[in-house]
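Engineer: Here is what each chain is made of, one letter per residue.
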Amino acid sequence: MNNMNNDIIINIEDVAKTYQMGAETVHALRSVSLQIRKNEYIAIMGPSGSGKSTMMNIVGCLDTPTKGTYLFENENVATMNDNELADIRNRKIGFVFQTFNLLARASTLKNVELPLVYAGVKKDERQQRAFAALESVGLQDRTHHKPNELSGGQRQRVAIARALVTKPSIILADEPTGNLDSKTGVEIMRLFGELWKNGNTVILVTHEEDIARHAHRIVRIRDGMIESDTINPSPAEV
Amino acid sequence: MMGISEYFESARIAYQAIIANKTRAFLTSLGIVIGIFFVIMMGWFLDGLDNAFDKTINAIGTDMLYVDKWSWGGSDDWRSVQKRKPISYQQALEASKKMTTAELVAPHASKWGGKITYQGNTLGSVSIVGVTAPFVNTPIGNLKEGRFFSETEDVHSVEVVILGYKVANAFFPDRSPLGEIMRINGRKFLVIGVVNKRGTIITDFIDNQVFIPIQTFMGMFGTARRGVQIAVKAGSQELLDEVREETRVIARQVRNLQPGEEDDFTINESQMFRDEISTLRLYVWGIGIGLTGLSFFVGIIGIMNIMFVSVTERTKEIGIRKALGAKNRSIMWQFLVESSTLCLFGAFIGFLLCATVIFAITSAFPDVDFLTPYVPLHLLFIASIVSIIVGIFAGLIPAYRASRLDPVEALRYE
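Protein sequences appear in the order of chains A and B. Counting from 1, position 66 in the first sequence corresponds to residue 66 in our numbering; the numbering is continuous, with no gaps. Counting from 1, position 221 in the second sequence corresponds to residue 221 in our numbering; the numbering is continuous, with no gaps.
Hint data in this document are derived by calculation from the structure and do not stem from the laboratory. Bear in mind the structure is a predicted one, so any value in this text is a computation, not a measurement. Positions of the beta carbon are idealized from the N, C-alpha and C atoms, including for glycine. It is possible that some hints are incorrect.
Computed spacing ranges between beta-carbons, pair by pair [stated by the list, open to error]:
(1) B:Ala20 <-> A:Ile231: 48 to 58 Å
(2) B:Ala20 <-> A:Asn81: 25 to 35 Å
(3) A:Glu194 <-> B:Leu353: 56 to 66 Å
Modelling step: build the complete structure from the supplied sequences, incorporating the hints.
Structural biologist: So this is what it looks like as structure tokens:
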């Protein structure tokens, strides 16, 4: 294997996903091939019903394809069982969701610690790392607040800290600014830009051109197929 | 392997879930509360019963044999027992002379329905027991106060009496009866001693006795048709088998039984009360287990139901946890810990309830001395284990369902 190939984190080959909805078979993804390399900043775009969400679920190892191969850092994810997938998600993927998806009853620090709990990291180290992650998103003085005591932007930053805390191979953000006002949205996008500069691989899943234009590569999906896969010549800087 | 951190995480979540829904948690665990209540109450009562049994056999004497026409146990055929001839005083004396292995062999006789009078007050249905001086070495020689009578007093039919605990208490609740003169079936007796309390729930009657010298007894009630019993003291429990064997051989000799003929006497001993106790135990146990089982059944359904609710309520949370890397077994574990914690919480409430009720009962009935005024700690231990097992059992299906949720579906849930 050459150097270029060693850089590939995600290697999706001819992946399809079908669902059975009653008597009808829904082809959410027909045939998709996609490679994502280390430290790319990529946006996956598409209108609703395009198969974008299915694509995200498969990339995020929340779901497995019906057909095709999916190598995540050379491990075949397509044939993994629930627990193996959970392990991949835990170690290699940092999720950021539109609705933040923080645990309401747990403090900021506990929320950020959670992936480390499932990774079996001991308490002291866990707290240290969670605190460092919160520090990196500028929330070191909010560690004992509950999510409902934070603003939307702060909540999303907690979610980003939680995504970062395991030092994952990719950060997968699903409409990360969808629930935020535009000013806060810009702040969050600036944060993603910083993450990329620090060497992270960032994948945005969005239907907003404004968000996608921050990425360096834009993949458009329509009707379960990749419509286009282009380099963004002038990524937006914030 | 699941990390210890995950265990604590689950326990913490479970604790928070219960704190967040205190009333619901309490109502849900009510079945368990009641179940644990019955388990502990039953255990406590049976413990008391066992205690009573131990006291009883000590009061009767663990190394004592009582040769009698009548059987205590009721295992012998009642009609053939009734046809037996009474053991005569002569036979008893003869047996005493022949026995070599026993520490003490002595005849005694009793009359039921005796009447005791003191200063115009009369107590009926007291057992009057004629004993010999060596009885001081049997459990009835264990005196609360005063002394036993001597051989001289026995031989000379002196009118002295040793009162059983209940009799003494009936006439002299707050002072010593020593030196008082009481009438037994009309005849005057000097009180010289009081026996320690010996009776318990099933052997209360043994405190309702008075002891007089056997010669005096014979003088009052005659010997012709009155049966006597032979008390045999083995000296220790280890010697009991040997002494019982000799007692049987000698009793057959003095009763002139031919080989092949059945024994026309019974060798009674304290162990015979075990039958009575075990029947009572069985009833208590049966009722207790029945009630406990029913409560746990209701409890399990309640817990299971609330766990289904909890799983549904927290579908989104399950999705988040799975996205962050929770394995199926972690989710399963989380809900099992929650249901067991709920049950453990119920057990704790049940335990407090028991402690209160037990305290109330023992305060209200201080005379029922076989009931201990505290909950034995091993019962708390058992109750905890049982409740955890019940919790796991009740949580199994909901937890399994939670663990199998599809993360994509669960994350979409609102």
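Engineer: Output the indices of the hints that this structure fails to meet, ascending.
Structural biologist: Going through the list in order, the structure violates no hint and respects every one.
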